Structures are given as C-alpha cells and as structure tokens.
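Guided by the hints, dock chain B onto chain A, whose structure is given.
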Amino acid sequence: MGEEVKLIGARGSPFNCRVEIALKLKGVEYEFIEEDLANKSPLLLKYNPVHKKIPVLLHNGKPIAESLVILEYVDQTWEGASILPQHPYERAMARFWAKFIDDKCMSALWNACWSKGKEQEKAIEEANELLKLLENELKDKKFFGGDNIGLVDIVADFIAYWVGAIQEVTGAEVLTKEKFPKLFEWAREFINCSIVKEKLPPRDHLTGFFRIKLEAPDTLKYNPQVR
Amino acid sequence: MSDHVVLLDSYPSMFGMRVRIALAEKGIEYEYKEEDLSNKSPLLLKMNPVHKKIPVLIHNGRPVCESLVEVQYIDEVWKDKSPLLPSQPYQRAQARFWADYVDKKIYDAVRNIWTTKGEEQETAKKELIDYLKVLEGELGDKPYFGGESFGFVDIALLPFSTWFYAYESLCNFSIEAKCPILIAWVNRCKEKETVSKSLADPHKVYEYLLGIKKKFGI
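Sequence lines, in order, name chains A and B. Numbering-wise, this note's numbering puts 184 at position 184 of the first sequence, and it's gapless, one number per residue. Numbering-wise, this note's numbering puts 41 at position 41 of the second sequence, and it's gapless, one number per residue.
Chain B with its partners taken away, still in its complex shape:
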C-alpha cells in the first residue's frame, strides 16, 4: 500500500522546517501545501482544530500536530532508514531533553527580540545568547548534537538559524561573534542536501519579518 503524505506548512516557519528536514532525511515523498496564516484553509482548521497552527502532517488522511511529535512519528513509522533518535534509552532521553530545551527557551527568547525595544530588547538579546551558549556547551566538539550522526536535537534547533540574519539586521548584533561553534555547526548541517533544501532562505525570512512588523505595527 502506498503512503499518502501531505504537509500543511508555511515557508518561513521554524517548526515547519523541522518536519521538512525529517521527511527529507527519510526520503519520503509528500505533497507540500503552503498555508496563508492570515487566511487559514478549511483543511488546516479541520486537521488541527485544537491549535489551528502549522505544521500539520497528514498521513493517509490522519493528522499529526506539533512539530516534535510529528518528527518522532516520522521516525517511528519510517523506521528502517536514517534513524533520527538514538535507539539507546538514556541517549534518547537526552535527545528529548535538549529538544525540549530548544522549545522552552529559544522560541520565546527570539520572539521577545523582535517584538520589543530598548532595555527590554537588550535583555532579550542577552537571554538568547545565554541559551545558545548553553546549547553550544552541550554540542561540545561533536559534529552534531546526536554525535556522529545528525538527529533529533539538530533538527529541533537548526531552523532557528534561518532567522538569525533577520534578528541581527533588526537589532544590530552578531550571533556568530558570540557563538562561533554553533554557527560552524549550522554550516556543517547545511552541507547535507536534506537540510539545505528544507531550510528557508534567511533573506526571505527577513523580508517576511519586516512584513509582519509593518502589518501589525510592531
């Protein structure tokens, strides 16, 4: 039986990129549907009635929501190729812990950067760098967060890097200057075709962010 896979997504979404990377890693063919978030489709509202958000993975008509839940689902269903999580329980737990850290810390920190000004923004910038440095510490001298293989934590964090150019341009700071090891890791990951074809172009992300700021008067 052939699988029918659809991804409801939005080009600049960090969460959508996670699922795109996972699907690419597994070599899964799917139909990509770009959502206009200011005018959500009936399909999106039907498939994610609880949050009404993208990304939504629809596998043979059944929806899976929440990007990290989707990545784990993809890993468990298409388990014969390119494992995304380690098989050993303790290492799996560590991978989940650090992906959870990205979700809990990085998203709010970056949101605070572009939605605030002055003192508040300076604090937000510092917080982001602090959290990125913790992640740098966890990466250490490994090629990927997963060790020798690219995996779950790499997928969780990588898409945020496509927004760095936007934050740096808007707020006049350099993430690379403060977190060179992390940026080296980003560039290493981008050498993988599955990654480079799944990530949004940082310049397009910047234009998108400028559009949002203008539209909502932020």
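For reference, chain A alone in the conformation it holds in the complex:
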C-alpha cells in the first residue's frame, strides 16, 4: 500500500532534527517541507492549529505534533531499530530523561550560552547542575540508549551539537571536555553516527545563524518557535 509521509519542519531546529533522525533510523522515506518560521504557512497553521509550531509529521494526511509525541509514534508505527527500550521500566527511565532534557536543559543551556556577566555566572551554575546529572546518568555507556542511540540521545541532540555551535559564536564555556569528559565524548560519538551526521544541519549554517542572533539581542529570549 502506498504510504505518504511528510515532515513540515525547519532544518536549523534541533526539534526538527530529532524527527529526521528517527525517520532515518526506521528507514522511512518522506517529503520534507521547509517552513519559514517568520512567515508561517497555511499548511502549518492547518496541521498544528494548537501550537503553530514545527515539526509536524503528516502520515497519510494525518498530523502529529510535538517532537516527543512524534518520536513515540514513529517508534510504534515503523519496524527497524528501536527508539525506546522494550522493558517498561527502561521505557519509563527513557521518558523521564527525555522530559528532563526538554523541561529543564533546553532553556537552561540556551540561557547559559547567551547571557552575560553575573546573569551568565548564575546560568552556568544552573547548567552545570543539570549536565552533571546527565553525565551521571550516562555512566560508562557509549550512548544513553546503551550500545546504540535511543530516545534520550535523540532528544539530547541540542546538547550534542547546537550547544557547541553557540559556544563557538559567543565564547561561552558550558559543555567542555574539562568539565564533562563523558558527556563531551558522548556528544562526539553521537554526531559522528552515520545516521545522525546525515541529518544534522551544516555547522557553518548554524554558526552563521547564531552570529546574526548575536547582533540582535532582543531575539535571544528562549522562545522556541519549534517543539
């Protein structure tokens, strides 16, 4: 039976990237529709009227929004490498850490990278606490998912790749080899996975985008037009 899979997204977004990695893991072919977030299309507003954000997966015309919801849907719908573990307790742990990254880490790391002076000192302290928890959770595993990438690794894509790009532009030292050797090594392994590498936006596109943001400080508040 013919299957139609489309992804409304934005290639610079870590939330979008999560879904692209998941679809690639499952070997799903899809049409990518790039969204201009400054000028949202009728298509996006139709398929995500509640939040009006990307990514939105369209499977045979039916929309699914919110990247964590999409990841679980992709895992359930298509065969291939598992995104979530099989055992209920491990699944609960994966969901817990995915939520931890989304609820706490994203905004804290963003703030730590972009703020200045005393505010940045405080923000970096907060980020350190969170990254320490993640490093402890990683322990001696290659990935959060074990030998292969899983839900938590995919959800942490911002930490593995985007944080480094922002640090390059702002000079912030949030995730460094000295402070978090295990996490730093995990990030390197993650972005070098063939499936992930293929789906990450080019580094110079990201740094270019962030350099522009540096010039426009009022766009710096953590307010993702993406989920």
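Derived from the structure by calculation, the hints contain no laboratory data. Certain hints may be false.
[To be verified] Subject to a maximum C-alpha distance of 27 Å in a straight line, what follows is the list of computed DSS-like cross-link-like pairs (lysine-lysine): (1) B:142 / B:79; (2) A:179 / B:52; (3) A:99 / B:46; (4) B:52 / B:213; (5) B:40 / A:46; (6) B:178 / A:52; (7) A:132 / B:52; (8) B:53 / A:104; (9) A:99 / B:105; (10) B:142 / B:197; (11) A:132 / B:46; (12) A:40 / B:133.
[Unchecked claim] Derived coverage of chain A by chain B (criterion: at least 3 residues anywhere in the stretch with Cβ under 8 Å from a Cβ of chain B; other residues may be distant): (13) 53-64; (14) 94-100.
Small disclaimer: the values here were computed from a predicted structure and weren't measured. A virtual CB, placed ideally from N, CA and C, is assigned to each residue, including glycine.
Chain B only, in chain A's frame:
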C-alpha cells in the same frame, strides 16, 4: 511473585491524583505514603534525587518519577486490564499530545492565578479559560477525551478540577459558567468510583491553598 507498590504523594497534588486514579483503574493494591512537602522524607530524596518531588511510584523497590511517565508505566506493566492509552498508534499519539497540552498550559495558568493580583491575575484567569475552552473543543460531544472509554487525557486533566473551587473562591469567577461542557465531563468522570475515591475534596484543597498563601505571604 507478588508486586510491592508504594506511592509517595501529597493529598492535594494534582499530579499525585493522576497516579492514584491510574492505580485504581487497574485495581492495584499499594501503600500510600503522605509526604510533608515542607519536610521531605529521606525516602523521597533517595527515590527522586533529580527533582525531589512527588508523586513517586516505587514498584518492587524501583522508583518511577513524573506523573505522566508513571501513568504510562502502570498502563504498560498492568496491561491486561482497563487500558489507559489507545492501542492504535495515531490515537495514542493524539492522547499523548493532549496530555502534554495539559502539562504545558494548564499548570502554569493556574499557578499564575493564585500567585498574582490585579491586572496580572485578570490576564491569568482569561488565559486559563482560553486553554480550558480549547480542551472543551477537543472533548466535543464525546463522553470522555478517550471517546467511549475513560483514559489518559481524562486522567491528566481531571485532578485540576479539584482546584477549581479554590481558584473561583479566591478570584471571584466561575469556571462552570464559561466551560459548562468541561464541568459536565468532570461530573461524569466522578461517577466512576476509581475517580471519586482518588480525587481530593475541593474544600480541603481550598484550605490547603489558603494555608500556603499565608505561609509564604502570597
């Protein structure tokens, strides 16, 4: 092998109520431990070192934290009775989406209501009603958010209704007047024994909230 289940909880907690309902729906026997949130027990700090919050479900000594993660865990472990999530992937995704909406929108909106005054409070009230109306739209004329069966989204949202009386009394407005369909759904759910025995009494919640406001000078 028999299961040993413990729930670390706090009576007025909306998040705790979600887990209580899920456990009741599955007919699971468990030990309920009331936490004093101003004096957290060593057990809580050990079982939820990351957030130090309730509810925490402890199953055969292993902790699960975050209420919706716990509800999904309960559904997956005790899968032979009263499914809480739909089995069909698209419907499951919709259930997760709307439970996530409740988490993202409703909690902050209600918190803003009782922690602010004047203009800010008026804005918070309006926001809450707007979000509740979106949920009403999603419910439509179905008996439950899950359709014919009570499920995940119902469990995610229901406990907030136990706090409505408190907000209405404190801030002088009526949620029922603005969202009659939602209140009808609340009353329908409360006809289920698993729900009525799991929800806190709204008057006790109101007293609790007054206590918090006094204690912290809010």
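Going through the hints against the structure:
{"no.": "1", "hint": "B:142 / B:79", "verdict": "24 Å, holds"}
{"no.": "2", "hint": "A:179 / B:52", "verdict": "25 Å, holds"}
{"no.": "3", "hint": "A:99 / B:46", "verdict": "20 Å, holds"}
{"no.": "4", "hint": "B:52 / B:213", "verdict": "22 Å, holds"}
{"no.": "5", "hint": "B:40 / A:46", "verdict": "46 Å, violated"}
{"no.": "6", "hint": "B:178 / A:52", "verdict": "25 Å, holds"}
{"no.": "7", "hint": "A:132 / B:52", "verdict": "16 Å, holds"}
{"no.": "8", "hint": "B:53 / A:104", "verdict": "14 Å, holds"}
{"no.": "9", "hint": "A:99 / B:105", "verdict": "16 Å, holds"}
{"no.": "10", "hint": "B:142 / B:197", "verdict": "23 Å, holds"}
{"no.": "11", "hint": "A:132 / B:46", "verdict": "17 Å, holds"}
{"no.": "12", "hint": "A:40 / B:133", "verdict": "24 Å, holds"}
{"no.": "13", "hint": "53-64", "verdict": "holds (count 3)"}
{"no.": "14", "hint": "94-100", "verdict": "holds (count 4)"}
In the structure shown, a violation is registered for the earlier hint numbered 5 alone.
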